[in-house]
Amino acid sequence: MPQRHPRPRPGHAPVRPASAPKDPTETLRGILELTPAAPDPVTGQVRFTGTTPRQTHGRVFGGQVLAQALAAASRTVPAARSAHSLHGYFIRPGDALQPITFTVETLRDGRSFSVRRVLASQNEKAILALTCSFQEPAGSALDHQVAMPEGVPRPEDLPTTADVLGAINHPVAQEWAWSRPFDIRHVTPAIYVEPAAETENRNMVWMKTFTPLADDPALHLAALTYASDYTLLEPILRQHGVAWIQPGMSVASLDHAMWFHRPARVDQWLLYVQDSPSAQGARGLGTGAVFTEDGTLVATVAQEGMIRLPEGAAARRARARGAGGLEVLASKGA
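Whatever position you read off the sequence shown (first residue = 1), add 128 for my numbering.
Since the hints were made in silico from the structure, they are not lab data. Each residue gets a CB set at the ideal place from its N, CA and C atoms; glycine is no exception. Misleading hints may appear alongside valid ones.
[What the hints assert, rightly or not] Computed beta-carbon distance windows for the label pairs:
| hint | residue 1 | residue 2 | range |
| --- | --- | --- | --- |
| 1 | Gly409 | Ala266 | 13 to 23 Å |
| 2 | Thr177 | Thr327 | 37 to 47 Å |
| 3 | Asp422 | Thr327 | 27 to 37 Å |
| 4 | Arg282 | Arg330 | 11 to 21 Å |
| 5 | Asp285 | Glu328 | 18 to 28 Å |
| 6 | Arg203 | Trp387 | 14 to 24 Å |
| 7 | Pro206 | Glu322 | 47 to 57 Å |
| 8 | Val143 | Arg203 | 37 to 47 Å |
| 9 | His215 | Arg182 | 43 to 53 Å |
| 10 | Ala208 | Ile296 | 39 to 49 Å |
| 11 | His389 | Lys253 | 31 to 41 Å |
| 12 | Glu264 | Gln226 | 29 to 39 Å |
| 13 | Ser240 | Val143 | 22 to 32 Å |
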């Protein structure tokens with residue numbers, strides 16, 4: 129039986145604060161507008177600089193640095209070549225107050241494919257290593273895909289993140305409710321502050337930007353990369369009856385991989401279907417498939433995350449002091 133979403137009571141609907149951005153998606157546009165920098169003085173490799181928008185916590189969102197790294201690589205390949213895959217490792221947390229340097233290394237430019245390696249760094253220390261591949265348009269006699277799940281509620285019938293978090297007087301909740309550049313709507317009740325009523329190995333969200341983006345395929349791929357990091361570890365938490373505010377919990381992305389199968393626009397609704405095949409040794413694997421409204425599979429995603437939960441006496445101490453809470457959301461990124 130489908131779980132019902134709690135709705136704001138009459139007269140208790142969240143009110144957008146005056147300080148909230150009128151167009152949260154404008155933040156995303158700014159994030160992806162990288163500034164060319166002087167080439168590497170030793171290797172001559174191309175470099176760009178990116179920044180992080182003002183936020184309530186000190187870490188750079190993993191999806192942001194992935195998207196910026198892909199955007200940097202995209203600016204070094206012929207316009208006709210589109211990214212078809214990326215593989216990234218998060219090396220250390222990024223400082224949201226410091227600019228990020230993206231150094232792009234050309235590994236190969238062939239007749240049909242180009243491969244780039246991007247190192248994102250702050251203060252000469254690496255925070256992300258990304259390899260991505262680009263391909264010329266090509267036809268194929270082979271074409272198949274998995275089917276989109278049936279009977280999924282329409283996004284218009286689901287609560288927004290603002291409906292869920294907007295009335296909570298906490299800076300992280302307010303940031304997630306009003307400032308994230310994507311409209312994200314959970315198909316089953318979100319687990320931000322309460323665990324799932326029924327444990328299951330699946331998490332689904334509808335997502336799109338609040339306002340349209342320019343007709344630039346590379347921009348839409350980078351934006352999709354950004355959004356793909358939001359909820360990919362949630363099927364792990366949902367399966368174990370854990371909410372994001374679990375006392376004492378620590379969460380961090382370890383790596384991220386994506387395969388772009390077909391074109392998509394992120395300013396139109398996309399269904400992100402997520403599962404978890406395994407969790408063990410303080411690590412969990414999340415996998416995802418991204419579909420357009422008409423059921424076209426546009427991307428496949430995989431990420432391993434570090435998820436640590438206190439045990440025994442440590443768990444009791446965490447509950448007593450309220451450790452974890454909404455700050456866990458901030459540690460994963462907004």
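Outcome of the hint check:
Between Gly409 and Ala266 the Cβ separation comes to about 40 Å, which falls outside the hinted range of 13 to 23 Å. Distance hint check: the CB atoms of Thr177 and Thr327 are about 44 Å apart, consistent with the given range 37 to 47 Å. For the pair Asp422 and Thr327, the supplied restraint of 27 to 37 Å holds, since their beta-carbon distance comes to about 31 Å. Checking the proposed 11 to 21 Å range against Arg282 and Arg330 shows it holds: the Cβ atoms sit about 18 Å from each other.
One distance hint, 18 to 28 Å for the beta-carbon pair Asp285 and Glu328, holds here, with the actual separation near 20 Å. Remark: the range hint 14 to 24 Å for Arg203 to Trp387 is upheld by a beta-carbon distance near 21 Å. For the pair Pro206 and Glu322, the supplied restraint of 47 to 57 Å holds, since their beta-carbon distance comes to about 49 Å. For the pair Val143 and Arg203, the beta carbons lie near 41 Å from each other, so the given range of 37 to 47 Å is met.
The hint said 43 to 53 Å for the Cβ distance between His215 and Arg182, and at roughly 30 Å that hint is violated. A C-beta distance of roughly 47 Å is found between Ala208 and Ile296, which places it inside the suggested range of 39 to 49 Å. Our hint of 31 to 41 Å for His389 and Lys253 holds, since their Cβ atoms are close to 34 Å apart. The supplied range of 29 to 39 Å is met by Glu264 and Gln226, whose beta-carbon atoms lie about 37 Å from each other.
Remark: the range hint 22 to 32 Å for Ser240 to Val143 is contradicted by a beta-carbon distance near 53 Å.
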